[in-house]
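The numbering of the sequence shown is this note's numbering, which starts it at 348 and goes up by one.
Keep in mind that the hints are not guaranteed to be accurate.
[Stated by the list, open to error] Below are the PhoX-like pairs computed for lysine-lysine, each with C-alpha atoms no more than 20 Å apart in a straight line:
1) K359 x K701
2) K618 x K355
3) K467 x K501
4) K618 x K359
5) K359 x K543
6) K543 x K355
7) K701 x K490
8) K490 x K501
No lab work stands behind these hints: they were computed from the structure. Only a predicted model underlies this, so the values are computations on that prediction, with no experimental measurement involved.
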Amino acid sequence: MNERDRPKWDSKIQYLLTCIGFAVGLGNVWRFPYLCQTYGGGAFLIPYGIALVLEGIPLFHLELAIGQRLRRGSIGAWNAISPYFGGVGIASLLVSFLVGVYYNTVIAWILWYFFNSFQKPLPWSYCPAPDYNNSDMYEECSKSSTVNYYWYRKTLNITTTINENGDLQWWMVICLAAAWGAVYLCTIRGIQSTGKAVYITSTFPYLILTVFLIRGLTLPGAIDGLRYLFTPDMEILMNPRVWLDAATQIFYSLSLGFGGLIAFSSYNPEKNDCEKDAVTIAVINSMSSLYASVPIFCILGFKAKHAYWDCLDRNTVSLLNEFDISEWNITRDNYNEHFAILNATYPERIHHLKLKECTLQEFLGQSASGTGLAFIVFTEAIIQMPGSQVWAILFFIMLFSLGLSSMFGNVEGVLTPILDLKIFPKSVPLEAIS
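The task is simple: from the sequences and hints, build the whole structure.
This is how it looks when you write it as C-alpha coordinates:
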(Lines of atoms letter the chains of each structure in order from A and count residues from 1; the text may use other names and numbers.)
(Lines give C-alpha, C1' and ligand atoms only; values in the text may rest on other atoms or scores of the structure.)
Protein backbone atom coordinates (compact mmCIF):
# COMPACT_ATOMS: atom_id res chain seq x y z
CA MET A 1 0.00 0.00 0.00
CA ASN A 2 1.71 3.21 -1.18
CA GLU A 3 1.85 6.38 0.89
CA ARG A 4 -0.41 8.20 -1.57
CA ASP A 5 -2.87 5.30 -1.73
CA ARG A 6 -3.07 4.84 2.03
CA PRO A 7 -6.50 5.82 3.41
CA LYS A 8 -6.78 8.55 6.02
CA TRP A 9 -9.25 9.11 8.81
CA ASP A 10 -12.10 11.44 7.90
CA SER A 11 -11.66 13.20 11.24
CA LYS A 12 -9.70 12.98 14.46
CA ILE A 13 -12.83 12.09 16.42
CA GLN A 14 -13.33 8.96 14.28
CA TYR A 15 -9.80 7.83 15.09
CA LEU A 16 -10.21 8.47 18.82
CA LEU A 17 -13.61 6.76 18.98
CA THR A 18 -12.24 3.75 17.11
CA CYS A 19 -9.28 3.40 19.49
CA ILE A 20 -11.55 3.90 22.50
CA GLY A 21 -13.97 1.29 21.17
CA PHE A 22 -11.09 -1.13 20.61
CA ALA A 23 -9.80 -0.61 24.16
CA VAL A 24 -13.12 -0.40 26.03
CA GLY A 25 -14.52 -3.89 25.58
CA LEU A 26 -16.25 -6.68 27.43
CA GLY A 27 -13.39 -6.97 29.94
CA ASN A 28 -14.17 -3.49 31.27
CA VAL A 29 -17.67 -4.64 32.17
CA TRP A 30 -17.21 -8.19 33.35
CA ARG A 31 -13.57 -8.54 34.48
CA PHE A 32 -12.50 -5.25 36.04
CA PRO A 33 -15.41 -5.06 38.55
CA TYR A 34 -14.72 -8.66 39.57
CA LEU A 35 -11.00 -7.97 40.12
CA CYS A 36 -11.78 -4.80 42.04
CA GLN A 37 -14.23 -6.65 44.28
CA THR A 38 -11.99 -9.69 44.74
CA TYR A 39 -8.78 -7.83 45.53
CA GLY A 40 -9.69 -5.47 48.32
CA GLY A 41 -12.15 -3.14 46.63
CA GLY A 42 -10.64 0.32 46.35
CA ALA A 43 -7.22 -1.07 47.25
CA PHE A 44 -7.00 -2.73 43.83
CA LEU A 45 -6.97 0.71 42.23
CA ILE A 46 -3.45 1.26 43.60
CA PRO A 47 -1.67 -1.52 41.63
CA TYR A 48 -4.02 -0.86 38.71
CA GLY A 49 -3.07 2.83 38.62
CA ILE A 50 0.64 2.05 38.93
CA ALA A 51 0.42 -0.50 36.11
CA LEU A 52 -1.44 2.06 33.98
CA VAL A 53 1.27 4.71 34.42
CA LEU A 54 4.36 2.48 34.24
CA GLU A 55 3.15 -0.11 31.73
CA GLY A 56 -0.08 0.82 29.98
CA ILE A 57 0.44 4.39 28.79
CA PRO A 58 4.10 3.97 27.69
CA LEU A 59 3.38 0.84 25.63
CA PHE A 60 0.19 2.38 24.25
CA HIS A 61 2.17 5.45 23.20
CA LEU A 62 4.86 3.21 21.66
CA GLU A 63 2.37 1.37 19.44
CA LEU A 64 0.68 4.57 18.29
CA ALA A 65 4.06 6.18 17.53
CA ILE A 66 5.34 3.15 15.58
CA GLY A 67 2.25 2.97 13.40
CA GLN A 68 2.06 6.72 12.82
CA ARG A 69 5.76 7.14 11.96
CA LEU A 70 6.24 4.04 9.79
CA ARG A 71 2.70 4.06 8.36
CA ARG A 72 2.46 0.30 8.16
CA GLY A 73 0.70 -2.56 9.90
CA SER A 74 2.31 -4.66 12.60
CA ILE A 75 4.38 -6.93 10.31
CA GLY A 76 5.72 -4.11 8.13
CA ALA A 77 6.34 -1.78 11.07
CA TRP A 78 8.35 -4.25 13.17
CA ASN A 79 10.19 -5.49 10.08
CA ALA A 80 11.16 -1.90 9.26
CA ILE A 81 12.56 -1.41 12.76
CA SER A 82 14.65 -4.57 12.39
CA PRO A 83 14.28 -7.71 10.27
CA TYR A 84 14.83 -9.66 13.49
CA PHE A 85 11.61 -8.14 14.88
CA GLY A 86 9.45 -9.30 11.99
CA GLY A 87 8.25 -12.23 14.07
CA VAL A 88 6.74 -9.78 16.58
CA GLY A 89 4.47 -8.46 13.84
CA ILE A 90 3.48 -11.97 12.78
CA ALA A 91 2.74 -12.85 16.40
CA SER A 92 0.55 -9.73 16.72
CA LEU A 93 -1.39 -10.73 13.62
CA LEU A 94 -1.96 -14.23 14.99
CA VAL A 95 -3.06 -12.85 18.37
CA SER A 96 -5.59 -10.55 16.68
CA PHE A 97 -6.88 -13.45 14.59
CA LEU A 98 -7.25 -15.88 17.50
CA VAL A 99 -8.77 -13.30 19.85
CA GLY A 100 -11.16 -12.25 17.07
CA VAL A 101 -12.37 -15.83 16.62
CA TYR A 102 -12.97 -16.15 20.36
CA TYR A 103 -14.49 -12.69 20.70
CA ASN A 104 -17.00 -13.24 17.94
CA THR A 105 -18.11 -16.48 19.57
CA VAL A 106 -18.95 -14.45 22.67
CA ILE A 107 -20.83 -11.97 20.48
CA ALA A 108 -22.84 -14.91 19.08
CA TRP A 109 -23.84 -15.88 22.65
CA ILE A 110 -24.82 -12.27 23.27
CA LEU A 111 -27.01 -12.24 20.15
CA TRP A 112 -28.69 -15.48 21.25
CA TYR A 113 -29.62 -13.94 24.60
CA PHE A 114 -30.64 -10.68 22.91
CA PHE A 115 -33.06 -12.41 20.53
CA ASN A 116 -34.56 -14.41 23.39
CA SER A 117 -34.94 -11.30 25.57
CA PHE A 118 -38.10 -10.41 23.64
CA GLN A 119 -39.94 -13.41 25.12
CA LYS A 120 -42.25 -12.96 28.07
CA PRO A 121 -41.43 -14.31 30.57
CA LEU A 122 -37.70 -14.43 29.95
CA PRO A 123 -36.76 -18.01 29.00
CA TRP A 124 -34.06 -18.24 31.67
CA SER A 125 -36.54 -17.40 34.43
CA TYR A 126 -38.28 -20.79 34.58
CA CYS A 127 -37.63 -24.52 34.25
CA PRO A 128 -39.25 -26.56 31.45
CA ALA A 129 -42.63 -27.98 32.41
CA PRO A 130 -42.21 -31.57 33.66
CA ASP A 131 -43.62 -34.31 31.45
CA TYR A 132 -42.78 -37.81 30.31
CA ASN A 133 -40.39 -36.67 27.57
CA ASN A 134 -38.26 -34.19 29.54
CA SER A 135 -38.32 -35.39 33.14
CA ASP A 136 -34.50 -35.52 33.20
CA MET A 137 -34.20 -31.92 32.02
CA TYR A 138 -36.70 -30.71 34.61
CA GLU A 139 -34.80 -32.52 37.36
CA GLU A 140 -31.50 -31.05 36.15
CA CYS A 141 -32.96 -27.54 36.16
CA SER A 142 -34.62 -27.85 39.58
CA LYS A 143 -31.40 -29.12 41.18
CA SER A 144 -29.38 -26.23 39.78
CA SER A 145 -31.03 -22.92 38.88
CA THR A 146 -32.98 -21.60 35.94
CA VAL A 147 -30.15 -19.33 34.75
CA ASN A 148 -27.54 -22.08 35.01
CA TYR A 149 -29.79 -24.50 33.16
CA TYR A 150 -30.48 -22.03 30.36
CA TRP A 151 -26.79 -21.19 29.95
CA TYR A 152 -25.30 -24.68 30.07
CA ARG A 153 -28.15 -26.70 28.54
CA LYS A 154 -30.22 -24.43 26.30
CA THR A 155 -27.42 -22.16 25.06
CA LEU A 156 -24.26 -24.28 25.05
CA ASN A 157 -25.86 -27.72 25.36
CA ILE A 158 -22.61 -28.99 26.83
CA THR A 159 -21.75 -32.67 26.98
CA THR A 160 -21.39 -34.55 30.25
CA THR A 161 -17.64 -35.10 29.78
CA ILE A 162 -14.84 -33.35 27.92
CA ASN A 163 -14.21 -36.50 25.88
CA GLU A 164 -17.62 -36.30 24.18
CA ASN A 165 -18.06 -34.25 21.03
CA GLY A 166 -21.30 -32.35 21.02
CA ASP A 167 -23.36 -31.73 17.90
CA LEU A 168 -23.61 -28.40 16.11
CA GLN A 169 -26.35 -26.22 17.57
CA TRP A 170 -28.18 -24.71 14.62
CA TRP A 171 -29.35 -21.70 16.63
CA MET A 172 -25.77 -20.91 17.64
CA VAL A 173 -24.52 -21.36 14.07
CA ILE A 174 -27.07 -18.76 12.94
CA CYS A 175 -26.03 -16.35 15.71
CA LEU A 176 -22.34 -16.82 14.87
CA ALA A 177 -23.06 -16.14 11.18
CA ALA A 178 -25.00 -13.02 12.17
CA ALA A 179 -22.09 -11.85 14.34
CA TRP A 180 -19.58 -12.25 11.51
CA GLY A 181 -22.04 -10.59 9.14
CA ALA A 182 -22.25 -7.54 11.41
CA VAL A 183 -18.46 -7.36 11.63
CA TYR A 184 -18.14 -7.64 7.84
CA LEU A 185 -20.66 -4.87 7.17
CA CYS A 186 -18.85 -2.53 9.56
CA THR A 187 -15.35 -3.27 8.21
CA ILE A 188 -16.17 -3.79 4.52
CA ARG A 189 -14.41 -0.56 3.47
CA GLY A 190 -11.71 -0.55 6.12
CA ILE A 191 -11.48 2.60 8.22
CA GLN A 192 -13.92 4.37 5.91
CA SER A 193 -16.79 2.19 7.12
CA THR A 194 -15.42 1.51 10.61
CA GLY A 195 -15.05 5.24 11.22
CA LYS A 196 -18.79 5.69 10.62
CA ALA A 197 -19.87 2.72 12.73
CA VAL A 198 -17.97 3.81 15.86
CA TYR A 199 -20.20 6.85 16.25
CA ILE A 200 -22.78 4.34 17.51
CA THR A 201 -20.81 1.34 18.77
CA SER A 202 -18.36 3.39 20.87
CA THR A 203 -20.86 5.82 22.39
CA PHE A 204 -24.06 3.80 22.85
CA PRO A 205 -22.65 1.63 25.70
CA TYR A 206 -22.10 4.77 27.80
CA LEU A 207 -25.72 5.79 27.31
CA ILE A 208 -26.96 2.36 28.42
CA LEU A 209 -24.55 2.30 31.37
CA THR A 210 -25.95 5.66 32.47
CA VAL A 211 -29.50 4.28 32.27
CA PHE A 212 -28.45 1.26 34.33
CA LEU A 213 -26.69 3.55 36.81
CA ILE A 214 -29.81 5.66 37.38
CA ARG A 215 -31.99 2.57 37.74
CA GLY A 216 -29.44 0.69 39.81
CA LEU A 217 -29.08 3.42 42.42
CA THR A 218 -32.82 3.23 43.14
CA LEU A 219 -32.78 -0.53 43.84
CA PRO A 220 -32.67 -1.94 47.38
CA GLY A 221 -29.20 -3.23 48.16
CA ALA A 222 -27.43 -0.89 45.72
CA ILE A 223 -25.52 0.89 48.49
CA ASP A 224 -24.52 -2.47 49.98
CA GLY A 225 -23.12 -3.53 46.61
CA LEU A 226 -21.13 -0.32 46.18
CA ARG A 227 -19.84 -0.50 49.75
CA TYR A 228 -18.69 -4.06 49.18
CA LEU A 229 -17.02 -3.10 45.90
CA PHE A 230 -15.05 -0.09 47.09
CA THR A 231 -14.28 -0.87 50.74
CA PRO A 232 -10.44 -1.02 50.70
CA ASP A 233 -8.51 -3.93 52.16
CA MET A 234 -4.88 -2.78 52.13
CA GLU A 235 -3.53 -6.10 53.38
CA ILE A 236 -4.42 -7.70 50.06
CA LEU A 237 -1.68 -5.62 48.42
CA MET A 238 0.88 -7.97 49.98
CA ASN A 239 -0.38 -10.68 47.63
CA PRO A 240 1.74 -10.69 44.42
CA ARG A 241 -1.21 -12.14 42.52
CA VAL A 242 -2.99 -8.78 42.87
CA TRP A 243 -0.19 -6.97 41.07
CA LEU A 244 -0.01 -9.63 38.37
CA ASP A 245 -3.75 -9.45 37.68
CA ALA A 246 -3.66 -5.64 37.65
CA ALA A 247 -0.89 -5.67 35.03
CA THR A 248 -2.72 -8.35 33.03
CA GLN A 249 -5.93 -6.31 33.07
CA ILE A 250 -4.08 -3.25 31.76
CA PHE A 251 -2.47 -5.27 28.99
CA TYR A 252 -5.68 -6.93 27.85
CA SER A 253 -7.96 -3.95 28.35
CA LEU A 254 -5.77 -1.59 26.30
CA SER A 255 -5.25 -4.34 23.68
CA LEU A 256 -1.49 -3.97 23.83
CA GLY A 257 0.46 -6.16 21.44
CA PHE A 258 -2.54 -7.01 19.27
CA GLY A 259 -1.43 -4.91 16.31
CA GLY A 260 -4.75 -3.10 15.99
CA LEU A 261 -3.39 0.12 17.51
CA ILE A 262 -0.43 0.14 15.12
CA ALA A 263 -2.86 -0.35 12.23
CA PHE A 264 -5.22 2.43 13.33
CA SER A 265 -2.43 4.96 13.93
CA SER A 266 -0.83 4.18 10.56
CA TYR A 267 -3.70 6.08 8.93
CA ASN A 268 -2.90 9.27 10.90
CA PRO A 269 -0.94 12.29 9.66
CA GLU A 270 2.74 12.10 10.66
CA LYS A 271 2.48 15.29 12.73
CA ASN A 272 -0.40 14.02 14.87
CA ASP A 273 0.17 14.33 18.65
CA CYS A 274 0.17 10.60 19.43
CA GLU A 275 1.45 11.14 22.98
CA LYS A 276 -1.63 13.15 23.88
CA ASP A 277 -3.82 10.55 22.18
CA ALA A 278 -2.22 7.72 24.18
CA VAL A 279 -2.80 9.43 27.51
CA THR A 280 -6.35 10.45 26.59
CA ILE A 281 -7.45 7.00 25.38
CA ALA A 282 -5.76 5.12 28.24
CA VAL A 283 -7.34 7.36 30.89
CA ILE A 284 -10.79 7.13 29.25
CA ASN A 285 -10.44 3.35 29.19
CA SER A 286 -9.65 3.18 32.91
CA MET A 287 -12.39 5.63 33.83
CA SER A 288 -14.82 3.56 31.75
CA SER A 289 -13.93 0.50 33.83
CA LEU A 290 -14.69 2.39 37.03
CA TYR A 291 -17.88 3.83 35.58
CA ALA A 292 -19.09 0.38 34.50
CA SER A 293 -18.36 -1.05 37.96
CA VAL A 294 -20.88 1.22 39.68
CA PRO A 295 -24.13 0.11 37.94
CA ILE A 296 -22.90 -3.50 37.77
CA PHE A 297 -22.46 -3.72 41.53
CA CYS A 298 -25.59 -1.70 42.25
CA ILE A 299 -27.53 -4.47 40.50
CA LEU A 300 -25.44 -7.26 42.05
CA GLY A 301 -26.11 -5.68 45.45
CA PHE A 302 -29.82 -5.76 44.61
CA LYS A 303 -29.50 -9.46 43.71
CA ALA A 304 -27.64 -10.19 46.95
CA LYS A 305 -30.28 -8.34 48.98
CA HIS A 306 -33.06 -10.44 47.42
CA ALA A 307 -31.12 -13.64 48.08
CA TYR A 308 -30.60 -12.54 51.69
CA TRP A 309 -34.31 -11.82 52.13
CA ASP A 310 -35.25 -15.18 50.57
CA CYS A 311 -32.91 -16.91 53.00
CA LEU A 312 -34.51 -15.12 55.96
CA ASP A 313 -38.01 -15.95 54.68
CA ARG A 314 -37.21 -19.66 54.34
CA ASN A 315 -35.73 -19.77 57.83
CA THR A 316 -38.74 -17.89 59.20
CA VAL A 317 -41.14 -20.44 57.69
CA SER A 318 -39.11 -23.26 59.27
CA LEU A 319 -39.25 -21.56 62.67
CA LEU A 320 -42.99 -20.92 62.38
CA ASN A 321 -43.60 -24.57 61.54
CA GLU A 322 -41.44 -25.78 64.43
CA PHE A 323 -42.59 -23.40 67.15
CA ASP A 324 -45.98 -22.04 68.14
CA ILE A 325 -45.30 -18.45 67.11
CA SER A 326 -47.64 -15.99 65.48
CA GLU A 327 -46.61 -15.08 61.93
CA TRP A 328 -46.29 -11.39 62.61
CA ASN A 329 -43.85 -11.91 65.49
CA ILE A 330 -40.89 -12.61 63.20
CA THR A 331 -39.97 -10.18 60.45
CA ARG A 332 -36.87 -9.64 58.35
CA ASP A 333 -35.85 -6.79 60.62
CA ASN A 334 -36.11 -8.68 63.92
CA TYR A 335 -35.25 -12.18 62.66
CA ASN A 336 -31.77 -12.26 64.23
CA GLU A 337 -33.15 -11.16 67.60
CA HIS A 338 -35.83 -13.88 67.64
CA PHE A 339 -33.42 -16.50 66.36
CA ALA A 340 -30.94 -15.73 69.15
CA ILE A 341 -33.69 -16.13 71.79
CA LEU A 342 -34.98 -19.41 70.33
CA ASN A 343 -31.46 -20.76 69.88
CA ALA A 344 -30.64 -20.03 73.52
CA THR A 345 -33.91 -21.59 74.74
CA TYR A 346 -34.23 -24.59 72.39
CA PRO A 347 -30.73 -25.28 71.01
CA GLU A 348 -31.43 -28.92 70.11
CA ARG A 349 -34.59 -28.14 68.16
CA ILE A 350 -32.86 -25.30 66.32
CA HIS A 351 -29.95 -27.59 65.45
CA HIS A 352 -32.39 -30.19 64.15
CA LEU A 353 -33.87 -27.64 61.71
CA LYS A 354 -30.49 -27.16 59.99
CA LEU A 355 -31.22 -23.54 59.16
CA LYS A 356 -28.99 -21.82 56.64
CA GLU A 357 -26.88 -19.00 58.02
CA CYS A 358 -28.05 -15.83 56.31
CA THR A 359 -25.44 -13.09 55.92
CA LEU A 360 -25.56 -10.32 53.36
CA GLN A 361 -21.77 -10.41 53.01
CA GLU A 362 -21.87 -14.02 51.87
CA PHE A 363 -24.34 -13.26 49.09
CA LEU A 364 -22.41 -10.15 48.07
CA GLY A 365 -19.31 -12.30 47.69
CA GLN A 366 -21.03 -14.62 45.23
CA SER A 367 -20.01 -12.67 42.15
CA ALA A 368 -18.32 -13.93 39.03
CA SER A 369 -16.28 -12.71 36.09
CA GLY A 370 -16.44 -13.27 32.35
CA THR A 371 -19.34 -15.21 30.93
CA GLY A 372 -20.40 -16.21 34.44
CA LEU A 373 -21.14 -12.58 35.29
CA ALA A 374 -22.90 -11.73 32.03
CA PHE A 375 -24.91 -14.88 31.36
CA ILE A 376 -25.55 -16.25 34.85
CA VAL A 377 -25.19 -13.75 37.70
CA PHE A 378 -26.45 -10.66 35.87
CA THR A 379 -29.29 -12.45 34.09
CA GLU A 380 -30.46 -13.77 37.46
CA ALA A 381 -30.46 -10.22 38.80
CA ILE A 382 -32.42 -8.96 35.78
CA ILE A 383 -35.17 -11.53 36.43
CA GLN A 384 -35.87 -9.89 39.78
CA MET A 385 -36.09 -6.36 38.36
CA PRO A 386 -39.43 -4.87 37.31
CA GLY A 387 -39.60 -4.66 33.52
CA SER A 388 -37.00 -7.40 33.19
CA GLN A 389 -37.47 -7.71 29.41
CA VAL A 390 -36.45 -4.11 28.78
CA TRP A 391 -33.38 -4.36 31.01
CA ALA A 392 -32.31 -7.62 29.38
CA ILE A 393 -32.60 -6.09 25.89
CA LEU A 394 -30.61 -3.00 26.92
CA PHE A 395 -27.94 -5.08 28.66
CA PHE A 396 -27.27 -7.31 25.68
CA ILE A 397 -27.36 -4.39 23.23
CA MET A 398 -24.64 -2.81 25.36
CA LEU A 399 -22.54 -5.99 25.37
CA PHE A 400 -23.01 -6.36 21.61
CA SER A 401 -21.82 -2.79 20.99
CA LEU A 402 -18.79 -3.29 23.23
CA GLY A 403 -17.88 -6.55 21.55
CA LEU A 404 -18.41 -5.23 18.02
CA SER A 405 -16.24 -2.13 18.51
CA SER A 406 -13.45 -4.32 19.91
CA MET A 407 -13.74 -6.63 16.90
CA PHE A 408 -12.93 -3.68 14.61
CA GLY A 409 -9.43 -3.57 16.09
CA ASN A 410 -8.96 -7.32 15.85
CA VAL A 411 -10.00 -7.33 12.20
CA GLU A 412 -7.83 -4.32 11.37
CA GLY A 413 -4.89 -5.97 13.15
CA VAL A 414 -5.17 -8.80 10.62
CA LEU A 415 -6.18 -6.95 7.44
CA THR A 416 -3.75 -4.01 7.51
CA PRO A 417 -0.54 -6.11 7.68
CA ILE A 418 -1.86 -8.40 4.94
CA LEU A 419 -2.73 -5.43 2.69
CA ASP A 420 0.70 -3.90 3.32
CA LEU A 421 2.35 -7.10 2.07
CA LYS A 422 0.58 -6.57 -1.29
CA ILE A 423 -0.34 -10.22 -1.60
CA PHE A 424 -3.49 -9.43 -3.55
CA PRO A 425 -3.47 -7.68 -6.94
CA LYS A 426 -5.00 -4.21 -7.16
CA SER A 427 -7.85 -5.60 -9.22
CA VAL A 428 -9.19 -7.42 -6.15
CA PRO A 429 -11.60 -5.03 -4.36
CA LEU A 430 -11.21 -4.32 -0.66
CA GLU A 431 -14.70 -5.70 -0.03
CA ALA A 432 -13.57 -9.13 -1.23
CA ILE A 433 -10.41 -9.11 0.90
CA SER A 434 -12.37 -8.12 3.99
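Check: Checking against the hints above, which ones are violated?
Finding: 1
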